[in-house]
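2 protein chains.
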Amino acid sequence: MTNGVPSQREVGSSSPAPRNRPTMDDVASQAGVSRTLVSLVLRGKPGAGAETSKRILRIADELGYRPDSAAQLLARGRSRALGVMMNVDQPFHVDLIKAIYPEAERLGYDVLLSATTPGRDERKAVGALLDHRCEALILLGSSADAAQLERYSAGVPTVLVGRRLAGAMLDSVHTAEGKGVRQAVDYLVELGHRRIVHIDGDRESGSVDRRRAYRTAMRRHKLDEFIRVIPGHHTEDAGIDAGQLLLGEDDLPTAVLAGNDRCAFGLIHSLSRGGVDVPGQVSVVGYDDSHLSHLSQLDLTTVRQDADRIGTYAVRSAVERLEQGGLDSREVVLDSKLVVRGTTGPPRAEH
Amino acid sequence: MTNGVPSQREVGSSSPAPRNRPTMDDVASQAGVSRTLVSLVLRGKPGAGAETSKRILRIADELGYRPDSAAQLLARGRSRALGVMMNVDQPFHVDLIKAIYPEAERLGYDVLLSATTPGRDERKAVGALLDHRCEALILLGSSADAAQLERYSAGVPTVLVGRRLAGAMLDSVHTAEGKGVRQAVDYLVELGHRRIVHIDGDRESGSVDRRRAYRTAMRRHKLDEFIRVIPGHHTEDAGIDAGQLLLGEDDLPTAVLAGNDRCAFGLIHSLSRGGVDVPGQVSVVGYDDSHLSHLSQLDLTTVRQDADRIGTYAVRSAVERLEQGGLDSREVVLDSKLVVRGTTGPPRAEH
DNA sequence: CCACAACACTGAAGCGCGTTAGTAGAGCGC
DNA sequence: GCGCTCTACTAACGCGCTTCAGTGTTGTGG
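Quick mapping for you: the protein sequence lines, in order, are chains A and B. Per our numbering, residue 1 is the first one in the first sequence, and the count goes up by one each step. Per our numbering, residue 1 is the first one in the second sequence, and the count goes up by one each step.
Watch out, some of these pointers could steer you wrong.
Covered by chain A, according to a simulated footprint, are these stretches of chain B (three or more residues, beta-carbon under 8 Å) [unchecked claim]: (1) 115-129; (2) 243-253.
No farther apart than 16 Å at their CA atoms in a straight line, the calculated lysine to aspartate or glutamate pairs in the EDC-like style are these [to be verified]: (3) B/K124 - A/E105; (4) A/K124 - B/E105; (5) B/K98 - A/E103; (6) B/K98 - A/E122; (7) B/K124 - B/D145; (8) A/K98 - B/D121; (9) A/K98 - A/D308; (10) B/K98 - B/D308; (11) B/K337 - B/D186; (12) B/K124 - A/E103; (13) A/K124 - B/D121; (14) A/K179 - A/D277; (15) A/K222 - A/D186.
Simulated DEER-style distance windows between Cβ atoms [claimed, not checked]: (16) A/G248 - B/G155: 51 to 61 Å; (17) A/T52 - B/G167: 35 to 45 Å; (18) A/L107 - B/A154: 48 to 58 Å; (19) A/D202 - B/R43: 32 to 42 Å; (20) B/G342 - A/D237: 13 to 23 Å; (21) B/A146 - A/P46: 39 to 49 Å; (22) A/A166 - B/G275: 43 to 53 Å; (23) B/L245 - A/A154: 52 to 62 Å; (24) A/H221 - B/D186: 53 to 63 Å; (25) A/A154 - B/P67: 30 to 40 Å; (26) B/P22 - A/A146: 19 to 29 Å.
Hint data in this document are derived by calculation from the structure and do not stem from the laboratory. Even for Gly, the Cβ is constructed at its ideal location relative to N, Cα and C.
I would like the entire structure built from these sequences, with the hints used as guidance.
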């Protein structure tokens with residue numbers, strides 16, 4: 001059994017289970033009442049006698065009855081479900097999810113998760129959510145174009161998380177990317193850095209703003225001539241590639257602003273392998289403060305986004321829009337700030 | 001706008017959108033045919049004329065019609081959806097998800113994701129899946145007890161991933177934990193290690209087997225007296241705690257077998273901070289080979305589980321059970337093997 | 001010219017529930 | 001005894017879809 005066909009063994013035989021899930025009618029007939037009454041009792045509406053109520057509840061429990069959400073949806077015309085699209089290997093999205101669940105539950109909504117993966121693009125992921133009649137869409141790190149987003153938004157309230165869309169007709173929640181990046185640049189400049197490079201995140205969420213903020217901040221410090229953006233992505237691989245690129249050049253920058261933490265990890269990895277000390281020779285700053293950045297010897301200096309608040313506000317936006325049918329699209333901008341850890345330091349002495 | 005109330009600005013006004021999603025009836029009346037026919041055409045069943053077919057398809061497209069999966073489920077009595085429970089911050093689960101989606105799609109099934117988080121336990125997560133009438137359950141890293149699992153399994157085919165349940169009446173897919181651990185121990189012993197400690201994963205998936213395999217392997221090498229299991233979890237924090245514990249003792253072991261990669265990261269982190277060199281003074285082995293282990297200077301020696309194959313087999317198990325109604329519960333055991341990288345080396349010379 | 005099949009299509013029932021309108025009976029005041 | 005209000009309950013419709021059992025029309029062979 002090296003690496004060929006997996007072994008399979010029979011381990012007993014499962015019950016010839018009935019596999020029939022009980023319906024409301026089952027509960028009703030068991031209790032000797034009408035289905036309507038069961039429905040009332042189960043939803044806590046008034047109108048049933050105390051005795052009967054208790055009996056119905058007991059029987060429902062005994063039978064293991066669970067309301068069928070599909071039927072509920074159909075009957076009441078709404079699903080009470082929020083659809084959340086995430087990129088399953090963006091640790092920051094994971095942090096967001098953790099904040100989204102409790103807030104949704106608090107407000108009485110279900111959460112439907114749909115992940116993009118290599119091979120499962122946004123359209124598919126969102127399509128799945130729509131098919132299940134989510135009442136609102138929360139898109140984490142969408143890279144869809146404006147037209148596409150408008151289309152979603154026309155059908156169902158849509159909240160864009162982690163990205164801003166100029167003049168769009170949909171809600172968005174994101175951090176003040178500009179501020180975080182500016183802080184990072186200010187800090188590096190203060191340490192004495194001038195040759196500060198930025199690895200960007202292509203079309204991924206927040207990238208545009210971070211790129212622009214980087215340029216602006218550099219200019220404010222009169223460092224126009226040192227502005228340099230290396231095209232990248234929000235992945236470790238992109239960081240590695242950027243590292244290789246830099247290693248192949250004559251002259252390393254003294255500091256790098258990565259597109260996000262993952263990219264920073266990859267970069268540090270390849271720099272270290274290339275014999276370059278971080279932060280001795282090159283300082284590295286990440287973005288997100290995903291929980292990995294605190295750990296391992298990485299100890300990454302990064303720009304913190306408050307996932308809890310972002311997630312919470314995203315849910316609230318969606319729900320408010322749903323329940324108050326507000327007409328104005330809203331942009332929630334949360335604060336972001338630099339967290340200084342161990343991957344940054346004064347620039348090396350230039351040779 | 002430091003860290004107080006987030007700024008909110010109005011950014012325009014959304015369309016007073018109709019927000020009415022088109023139904024089959026809409027398509028039917030537009031096309032001047034019956035709903036039945038629309039249903040047939042949209043599902044590619046024969047029985048409609050070529051012209052009419054084309055027209056219906058065109059109109060459905062123009063209207064942006066999407067079948068309502070709730071109604072479909074109700075009507076045809078099955079959801080064609082697999083429910084997957086995952087722990088959102090277990091990177092290994094993420095790898096599994098990536099394999100599950102395509103295989104499910106290939107077999108014509110939807111995937112419903114439900115995450116456990118701190119504050120959202122397994123019951124809740126599985127409950128949500130059941131409410132949506134998933135036809136089968138795929139549980140990644142469940143730590144539910146046997147009784148609970150039996151209960152799930154009685155209602156709907158259930159596949160347990162990453163864990164084995166002795167004599168249970170449900171399918172399971174996992175790696176040969178024993179083999180991986182044995183390889184790791186063999187390797188360490190071969191390098192000359194004797195004081196090999198194991199940090200376990202409490203009740204988390206695979207832990208029991210790994211713990212037992214560790215003990216067995218140690219005994220086979222006549223290292224009974226060095227057997228030591230430190231209670232832990234599959235998290236970085238547990239690794240950090242274990243590291244602190246070890247640092248506080250007189251005598252460090254020469255090698256540690258962590259419960260999984262995350263735990264290994266935490267351990268390495270705290271050892272490094274404590275001035276202990278890895279692998280110079282202590283060798284560390286992880287478990288999972290989650291994609292992080294290749295990266296950063298960690299370069300973790302670990303036991304590889306083939307996420308692709310595990311995910312694929314999990315889906316196949318569920319679907320086969322669903323479609324062939326097989327009666328025997330089956331256990332799929334996949335191979336696992338040690339991947340040697342940079343966190344292991346010969347033991348330090350004992351003082 | 002009739003029987004019969006093949007084709008293109010339709011009507012109606014029903015999935016499990018929520019909801020609206022309604023009923024039957026008890027209690028009460030006068 | 002009448003009208004009234006309450007309480008405790010039920011019948012029936014419809015959500016959007018699939019499916020089963022047809023219906024009507026055309027073509028074919030004898």
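Right, here's what the structure says about each hint:
1. 115-129: Result for this restraint: holds, n = 7.
2. 243-253: The restraint on the stretch 243-253 of chain B is violated, since only 0 of its residues have a Cβ under 8 Å from chain A and three are required.
3. B/K124 - A/E105: Given that 16 Å is the threshold and the Cα spacing comes to 11 Å, the pair holds.
4. A/K124 - B/E105: holds, 11 Å
5. B/K98 - A/E103: violated, 27 Å
6. B/K98 - A/E122: holds, 14 Å
7. B/K124 - B/D145: holds, 15 Å
8. A/K98 - B/D121: With a Cα-Cα distance of about 12 Å, the restraint between A/K98 and B/D121 holds, given a limit of 16 Å.
9. A/K98 - A/D308: Given pair A/K98, A/D308 holds - Cα atoms ~8 Å apart, limit 16 Å.
10. B/K98 - B/D308: holds, 8 Å
11. B/K337 - B/D186: The given pair, whose Cα atoms are some 12 Å apart, holds under the 16 Å limit.
12. B/K124 - A/E103: Distance ~15 Å between B/K124 and A/E103 Cα, so the pair holds.
13. A/K124 - B/D121: violated, 28 Å
14. A/K179 - A/D277: Distance of about 28 Å is beyond 16 Å: violated.
15. A/K222 - A/D186: Holds - the C-alpha atoms of A/D186 and A/K222 are around 12 Å apart, at most 16 Å.
16. A/G248 - B/G155: 51 to 61 Å: For A/G248 and B/G155 the Cβ distance comes to about 59 Å; the hint holds.
17. A/T52 - B/G167: 35 to 45 Å: With a Cβ separation near 43 Å, A/T52 and B/G167 satisfy 35 to 45 Å, so the hint holds.
18. A/L107 - B/A154: 48 to 58 Å: The hinted range 48 to 58 Å is violated for A/L107 and B/A154, with Cβ atoms some 33 Å apart.
19. A/D202 - B/R43: 32 to 42 Å: Roughly 39 Å apart at Cβ, these two residues keep to the hinted range, so it holds.
20. B/G342 - A/D237: 13 to 23 Å: About 19 Å separates the Cβ atoms of B/G342 and A/D237, which means 13 to 23 Å holds.
21. B/A146 - A/P46: 39 to 49 Å: holds, 41 Å
22. A/A166 - B/G275: 43 to 53 Å: holds, 51 Å
23. B/L245 - A/A154: 52 to 62 Å: Since the Cβ atoms of B/L245 and A/A154 sit about 57 Å apart, the hinted range of 52 to 62 Å holds.
24. A/H221 - B/D186: 53 to 63 Å: holds, 57 Å
25. A/A154 - B/P67: 30 to 40 Å: Cβ of A/A154 to Cβ of B/P67: about 19 Å, so the range 30 to 40 Å is violated.
26. B/P22 - A/A146: 19 to 29 Å: Since the Cβ atoms of B/P22 and A/A146 sit about 24 Å apart, the hinted range of 19 to 29 Å holds.
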